[in-house]
Amino acid sequence: MSPPHTAHTAHADPRLSRYDPLTRIMYFDDFDQGMNGWTCLVGNYEESLATMTRSYARHTQPMLSQITHWDSGTHGSFDGTYALKIATRPVAGERNTAIKRVTYRRAARIRMETYFAFKPEASELKLSDLDVRSVGLLFDLQDAGQRVMPHLRYLNTLNGQRMHRWQFKQRSTQFRAIGARGETVTHDHLSPQDWEDVPGAAQDLCYNEIPTKINWHYLRFDFDLEHMRWLGFQCNDQVFDCAGVDSIRMPAMPNLSCMLNLAFYCEADTAKRTFFYLDSVLLSGEF
Amino acid sequence: MAGTIRNAYTAVLARGDTWEGVVCTEPYEAAWAAEAVFFVHVMEVAQGAGGEALAQVQISPDGLRWVNEGTSMDILAQKDALCFARVSNFGGWLRLLVSVAPGVVIQVLATLALKA
Numbered sequence: 053m054s055p056p057h058t059a060h061t062a063h064a065d066p067r068l069s070r071y072d073p074l075t076r077i078m079y080f081d082d083f084d085q086g087m088n089g090w091t092c093l094v095g096n097y098e099e100s101l102a103t104m105t106r107s108y109a110r111h112t113q114p115m116l117s118q119i120t121h122w123d124s125g126t127h128g129s130f131d132g133t134y135a136l137k138i139a140t141r142p143v144a145g146e147r148n149t150a151i152k153r154v155t156y157r158r159a160a161r162i163r164m165e166t167y168f169a170f171k172p173e174a175s176e177l178k179l180s181d182l183d184v185r186s187v188g189l190l191f192d193l194q195d196a197g198q199r200v201m202p203h204l205r206y207l208n209t210l211n212g213q214r215m216h217r218w219q220f221k222q223r224s225t226q227f228r229a230i231g232a233r234g235e236t237v238t239h240d241h242l243s244p245q246d247w248e249d250v251p252g253a254a255q256d257l258c259y260n261e262i263p264t265k266i267n268w269h270y271l272r273f274d275f276d277l278e279h280m281r282w283l284g285f286q287c288n289d290q291v292f293d294c295a296g297v298d299s300i301r302m303p304a305m306p307n308l309s310c311m312l313n314l315a316f317y318c319e320a321d322t323a324k325r326t327f328f329y330l331d332s333v334l335l336s337g338e339f
Numbered sequence: 874m875a876g877t878i879r880n881a882y883t884a885v886l887a888r889g890d891t892w893e894g895v896v897c898t899e900p901y902e903a904a905w906a907a908e909a910v911f912f913v914h915v916m917e918v919a920q921g922a923g924g925e926a927l928a929q930v931q932i933s934p935d936g937l938r939w940v941n942e943g944t945s946m947d948i949l950a951q952k953d954a955l956c957f958a959r960v961s962n963f964g965g966w967l968r969l970l971v972s973v974a975p976g977v978v979i980q981v982l983a984t985l986a987l988k989a
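Residue numbers (this note's numbering), protein chains in the order written: chain X, 53 to 339; chain B, 874 to 989.
Rather than coming from a laboratory, the hints here were simulated on the basis of the structure.
Please note that the accuracy of each hint is not assured.
Per the computed footprint, the stretches of chain X lying under chain B, defined by three or more beta-carbons under 8 Å from a beta-carbon of chain B, are [to be verified]:
(1) 91–101
(2) 117–130
(3) 134–146
(4) 169–176
Here are some, though not all, of the chain B residues that point toward chain X, as calculated from beta-carbon distances under 8 Å [what the hints assert, rightly or not]:
(5) A884
(6) V885
(7) E902
(8) W905
(9) D935
Yeah, the Cβ is synthetic: ideal placement off N, Cα and C, and Gly gets one too.
Generate the whole structure from the sequences, applying the supplied hints.
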């Protein structure tokens, strides 16, 4: 009797079987193995830390969490113990980030995939589904002519109102010179302004009923480095067409050639810490 | 943690923050680490040079409720003073509870060096 037709090359590694990578895997970071090069996104400065934009100065280091709760113990990650955790401070409107910095060797199509979850800190015996403002990702990219920063976020809540939609942004704040040497500038591309809904933006995620229950969600984001344009994204069973969706764009900067940075971020809507968890992150390319 | 060498990671807990009165660092999860060293570097003394602060290591079962671990360090309010505190067997969460003497204001760099 012949075996059923279930064989697939990805099954050789069950951890990869739940992903759809392109031809070459640039990195596959499973946080059961460690931090894998994910770190804190600090703002630019010169001579003194006081020159840093305040919103960046508030960023703290990501951590490896086994997602342990007071009522149910350790939740664990999708396929192991540890997930990358990005935590805001317990202040409404606060945000935090984690970043990984590499460069690209060919301006090809790329694909980011992850399994993620988010929750507020379980500091109240309430549903708490309106405490997290947003979670999202951004790429910071540069080719010969321009620096391009696609931003995508899931806006869960805004000022107490349930939003449940995906957004992007095409504008950043004005550049500001750092220090006196004329070598460094900054802009707050994660500022609360200028977010726009993507086409067909609405999606309800699996929040689950109390702050200590976690459900992992799949997210895929496709981008064309050659033409610096969005190709689309998918979260769980919804696929989003990104026609008309663009990125923050600016002239190329002097020392960022072939930059390929990926960052994740989250924001709190109330005075409660927001926790953004990533089980693993896979970046692949068509080259 | 898998791997042939020991995982290690340094987290910055306070980056140029101003400490006065009673201050807590944000909770840091590090159940993967077997040992940790807190460092506090006094970058500047804004007020009360020669005074002191006491930093106590705290641990938590859930990130919500905190208790003194028993390890502490005295921080001298002097530019470029550097002090440390070592802990192990701390469970999942770590933070510093810092009591700065009245009249003392310091700007600090606090880091947490973790090793599996």
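Can you name, in rising order, the numbers of the hints this structure does not satisfy?
Going through the list in order, the structure violates no hint and respects every one.
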